[in-house]
Amino acid sequence: MKILSLLIVLVFPILLSPQEILHSQDNILRFADHLFRSQDYLRAIEEYKKIKDFNTNDSILFKIACSNVFMGHYEDATHSLSLIPENSRFSGLVAFLNLRNSYSQLDRTDDYFGERKPLPIVITDIPTASPGIRLSLSRLNFFWKMKAAPDPGLLNQINIFENEDRDTISSLVNSVLAPPLKSSLLAGTMSTLVPGLGKLYIDRPEDAFIAFALTVASGYIAYTSFEAGHKVRGWIFGGLGGLFYLGNIYGTITGTEQYNIRIKVGITDLIDSFVRDKNFFSPSALTDLLR
Amino acid sequence: MKLFLLLLLISSSLCSQTDWDRWDKNEVDYRKESFSKVRDYSFSNLGFSGTLVKSSMVLYWTIISDVDGDNCPFYPSCSAFLIDAVKSTNIVQGTLLFFDRFTRDTNPFNRAEYYPFIKPGKFYDPVENYLHNPSKL
Numbered sequence: 193m194k195i196l197s198l199l200i201v202l203v204f205p206i207l208l209s210p211q212e213i214l215h216s217q218d219n220i221l222r223f224a225d226h227l228f229r230s231q232d233y234l235r236a237i238e239e240y241k242k243i244k245d246f247n248t249n250d251s252i253l254f255k256i257a258c259s260n261v262f263m264g265h266y267e268d269a270t271h272s273l274s275l276i277p278e279n280s281r282f283s284g285l286v287a288f289l290n291l292r293n294s295y296s297q298l299d300r301t302d303d304y305f306g307e308r309k310p311l312p313i314v315i316t317d318i319p320t321a322s323p324g325i326r327l328s329l330s331r332l333n334f335f336w337k338m339k340a341a342p343d344p345g346l347l348n349q350i351n352i353f354e355n356e357d358r359d360t361i362s363s364l365v366n367s368v369l370a371p372p373l374k375s376s377l378l379a380g381t382m383s384t385l386v387p388g389l390g391k392l393y394i395d396r397p398e399d400a401f402i403a404f405a406l407t408v409a410s411g412y413i414a415y416t417s418f419e420a421g422h423k424v425r426g427w428i429f430g431g432l433g434g435l436f437y438l439g440n441i442y443g444t445i446t447g448t449e450q451y452n453i454r455i456k457v458g459i460t461d462l463i464d465s466f467v468r469d470k471n472f473f474s475p476s477a478l479t480d481l482l483r
Numbered sequence: 084m085k086l087f088l089l090l091l092l093i094s095s096s097l098c099s100q101t102d103w104d105r106w107d108k109n110e111v112d113y114r115k116e117s118f119s120k121v122r123d124y125s126f127s128n129l130g131f132s133g134t135l136v137k138s139s140m141v142l143y144w145t146i147i148s149d150v151d152g153d154n155c156p157f158y159p160s161c162s163a164f165l166i167d168a169v170k171s172t173n174i175v176q177g178t179l180l181f182f183d184r185f186t187r188d189t190n191p192f193n194r195a196e197y198y199p200f201i202k203p204g205k206f207y208d209p210v211e212n213y214l215h216n217p218s219k220l
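Chains as they are written, first to last, in the numbering used here: chain A, 193 to 483; chain B, 84 to 220.
Honestly, the hints are just simulated from the structure, not real lab data.
There could be a bad hint or two in this list.
[Unchecked claim] Calculated lysine-lysine pairs in the DSSO-like style (CA-CA distance at most 30 Å, straight line): (1) 374(A) x 170(B); (2) 337(A) x 470(A); (3) 337(A) x 456(A); (4) 85(B) x 423(A); (5) 456(A) x 205(B); (6) 339(A) x 374(A).
Required output: the full structure, derived from the provided sequences and hints.
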């Protein structure tokens, strides 16, 4: 009797309590959100896709899109962002993520220091979005324009940034508009006049000295050989001197091109690292979602 | 003056030699090497000028370089650089690129600032860096 009553007392509450299914939709969503907040975006996407009718739920679609953007899966991100309806409450953040995706995708090896190209994407203001999202959008839009189609008019828009960042940003804009490049024609001419002078112009003083020494040494040996009547030796060293001289001019011109590309890549790295440090000027609505 | 020039050439070539580094203790590394050290002696896909240059280089490799050892501080070596340069451009441009490379090779100062370091103890300086093609660079 005692055992029976004990069993009833223990088993009865268990029978009354609702049976929680481990893999219920709520649990899957909770786990997926946990993975998303832990930045395990690939697994988070897999879990979100297990939810029934996930592609009609704008919140889940938005998190899948975020995950793709943060992982740098550009094409998947573009596709995911296109699935979110325009009248969704995330429309402002979707526009921001689209811009961030495009910014990250812009190949830095494109010679965007050259002629101005039209913007591949036109970013319009989203009046229905919150002021915070609109400010973030305009800030990232500024850097998108600086990367895709830099223009002197950008300097007039600098007031959208915090005071502490304005000096840095204006120097970045000026370096993009007028990068400190060297002229390969001038470098070649300098090397023609004085062997090695062009290499000094492109900040290679050691190469300049060696080029000068080799050219002058070969030329001097050729001269003394001819003076002494050793014509064969004279022609050999004269030929070598001539090749060193011409090689130095050619190497200076190609070296200048290398120097210029190094400058441009350095500037783009500086801009990209600045934008990444500022977390792409992400709005607080997005950063709150990630916590 | 002649003595000075001779001393200058000897000292710069001594400084450029990396012979003595060969016998230093090397760290064990079981990673597969990303580039092949085996020389390419074939004459395939070469025009007339390429064949001319390659044959003189093969002669140089056989008589001098294989006996003297691998002393060039750069990868590819200067002889391989000449062949690549002639293949990529023409014999005139290739020769000028080679002489510029030779000048940079004899410069023993401050190489690490300008060239990336590639295992095993060589600086990476391919022909593509000098071909007027910004996308390749």
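Evaluated hints:
1. 374(A) x 170(B): Satisfied, since the Cα-Cα distance of roughly 29 Å is no more than 30 Å.
2. 337(A) x 470(A): 17 Å, holds
3. 337(A) x 456(A): 17 Å, holds
4. 85(B) x 423(A): OK: residue 85(B) and residue 423(A) at ~18 Å, within 30 Å.
5. 456(A) x 205(B): Holds, at roughly 26 Å.
6. 339(A) x 374(A): Judged against 30 Å, a Cα distance of about 21 Å means the pair holds.
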